[in-house]
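> Residues per chain, in single letters:
Number of protein chains: 2
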Amino acid sequence: MNLKQLAHMLALSQTTVSRALNGYPEVNEETRRRVVDAAKRHGYRPNPSARRLATGKTGMIGYVLPTGASVDIDPHFVEFLSGLGDYARSHELDLVLSPADADDQETTYRRIVANRQVDAVYISSPRPADRRVALVNALGIPFIVHGRSEGLDFDYPFTDIDNEGAFHEAARLLIQLGHRRLALINGDDRETFAIHRERGVRRALVASGLALGDRHVCSVVMTEENGYRATRRLLEEGDPPTAIACSSLIMALGVVRAVRDLGLTIPGDVSLIAHDDVFPWLRPENFSVPLSTTRSSIRLAGARVAERLAARISGLEEGARGEVWPVDLVVRGSVAGAKAIPGKV
Amino acid sequence: MNLKQLAHMLALSQTTVSRALNGYPEVNEETRRRVVDAAKRHGYRPNPSARRLATGKTGMIGYVLPTGASVDIDPHFVEFLSGLGDYARSHELDLVLSPADADDQETTYRRIVANRQVDAVYISSPRPADRRVALVNALGIPFIVHGRSEGLDFDYPFTDIDNEGAFHEAARLLIQLGHRRLALINGDDRETFAIHRERGVRRALVASGLALGDRHVCSVVMTEENGYRATRRLLEEGDPPTAIACSSLIMALGVVRAVRDLGLTIPGDVSLIAHDDVFPWLRPENFSVPLSTTRSSIRLAGARVAERLAARISGLEEGARGEVWPVDLVVRGSVAGAKAIPGKV
Chain W
1 MNLKQLAHML ALSQTTVSRA LNGYPEVNEE TRRRVVDAAK RHGYRPNPSA
51 RRLATGKTGM IGYVLPTGAS VDIDPHFVEF LSGLGDYARS HELDLVLSPA
101 DADDQETTYR RIVANRQVDA VYISSPRPAD RRVALVNALG IPFIVHGRSE
151 GLDFDYPFTD IDNEGAFHEA ARLLIQLGHR RLALINGDDR ETFAIHRERG
201 VRRALVASGL ALGDRHVCSV VMTEENGYRA TRRLLEEGDP PTAIACSSLI
251 MALGVVRAVR DLGLTIPGDV SLIAHDDVFP WLRPENFSVP LSTTRSSIRL
301 AGARVAERLA ARISGLEEGA RGEVWPVDLV VRGSVAGAKA IPGKV
Chain L
1 MNLKQLAHML ALSQTTVSRA LNGYPEVNEE TRRRVVDAAK RHGYRPNPSA
51 RRLATGKTGM IGYVLPTGAS VDIDPHFVEF LSGLGDYARS HELDLVLSPA
101 DADDQETTYR RIVANRQVDA VYISSPRPAD RRVALVNALG IPFIVHGRSE
151 GLDFDYPFTD IDNEGAFHEA ARLLIQLGHR RLALINGDDR ETFAIHRERG
201 VRRALVASGL ALGDRHVCSV VMTEENGYRA TRRLLEEGDP PTAIACSSLI
251 MALGVVRAVR DLGLTIPGDV SLIAHDDVFP WLRPENFSVP LSTTRSSIRL
301 AGARVAERLA ARISGLEEGA RGEVWPVDLV VRGSVAGAKA IPGKV
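Protein chains in written order, with UniProt numbering: chain W, 1 to 345; chain L, 1 to 345.
Everything labelled a hint here was simulated from the structure, so no lab data went into it. Small disclaimer: the values here were computed from a predicted structure and weren't measured. Treat the hints with care, since some could be wrong.
Computed spacing ranges between beta-carbons, pair by pair [what the hints assert, rightly or not]:
1) W/V331 - L/W325: 45 to 51 Å
2) L/R321 - W/H42: 41 to 47 Å
3) W/A102 - L/Q5: 29 to 35 Å
For each residue, glycine too, the CB sits at the ideal point set by N, CA and C.
With the hints as extra help, turn the sequences into a complete structure.
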């Protein structure tokens, strides 16, 4: 059965049937239900060309994928995609990944918008004054930012977690436990999430009359090896920290290995709190010493971004609302009170 | 500049120009170069509609993404995607992910083929007698299988690694080192890669008059936790293995943790070899005891699958050629000779 036949059977116009199936708000609920029931009963499934003709929509969400021999896609991406894909499936949306040179994504954004390849796009890993956000905003295609930029002179819709609040709470707990020298092993600090996390740690320290030493902040690609190297350097040089906040569970593997290699223990010598995106394949409670974490499911964020994109495509969501999710602080065995330091007060 | 103008300027037909830009073999090399040079000089970039009109092609590769609340996409996917995306970019191909109910992918394959949404598809994680392979073969769309099925009554194009050979070599090394009781912590043994790995281990044991005990084979989802649980069970029950082969680096993290929790050591009490897909964020040489591995870059496999898809789309590759890549066995500190067992010969 095609669209024409379905419309004829229902005594509705093809446009009305198509809009009903695509969740347009101008179709009333009773009609929408009648159309959806009939479509299901007769196995009608709109094809992209018909959908496009009737609604001007492609049924596709776009994502510009930075690529290059030296670009490693983070495993976080896969969890985000699980959530996004699950929602997209239930709303019959496909996702188009357009690979782009990591240093020139603008050309690709322009192409997919000019060619009307997708109905909406999302942007991830935003930076301050992010040019991609400014570009898609200017191009006028519906979009959602996963995360936040800063310093743009317009508002835009985003879904982010409270990175600053999470790392503020983590640092505050460590300070309350008596720690005075904290270190932060962070991700790429050209990205807003990392800037916010550092801001949170600094704010907690300043509130207690303390400071984050320059040598006590590292910004690295979030691999196990970089977690290891940063920790070795922090603990082997003068003035070692007694507590570490760390931006990923994968880097935390390296932190744990470095502490062990130095003959030290967690939390006896070093307390550790790491950020947990809730990977099914690596759980903080299963670390040799169960890991305290700031926890937020990146899979749920993927589903939420898909939900908002679908709402913007169908006109149910408009405007530039940003939403910020709170982050749980989960305390497990990897934190303890600071040891009294011999000869110091 | 649009296609019409470019064709007019070159005094060629629009079809010829479009085919030249899409690498069709019927356009001779001199013409192709002339067209490509002119397109570059004038900033011409074919849009999908024009491309489709002139060539019948969409410039899209398709992948049906199994989704569902209980479906975890493996982090391997991200590395595969890095390679695939990098090649696709250089050949101006986009990738369409069509999320599908993991238990009903057939409907989605039929839809994307019927609607001509993509020029070719790839299939991953194949199983014996895989219905998806049979379906896309019947539907007549160009495709490549990443991995292999078994027991289908037709040939099909695939790119796979020699999983059986890799695990045969790993087991053979362990046997040569004096190990008699081997265990295999495997992935989902409904999938061909896991079946092949088990076959390799069994073949090596049989060649030395040994066998793989039923209790010494585990088939689990490849998470850290499952690696831990499998190892605890293996080592705590009677007749514990002295060597373990393990299907992923993530599970190997759990193996190492379990061995440590039991007060045992690698390789003193247990030798360990794991399969390494070459993740940039977790390296076997950085395990507390450097890990011996069977190594094959899944990123290169992604690039190769993209390359073959592009060749099939443009008609440069035809037929049902399967290719099998050899796998390196990399020996590091996690293997050692079996200890003489007191009271046994």
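> List, from low to high, the hint numbers that the structure doesn't satisfy.
Hint check: nothing fails, all pass.
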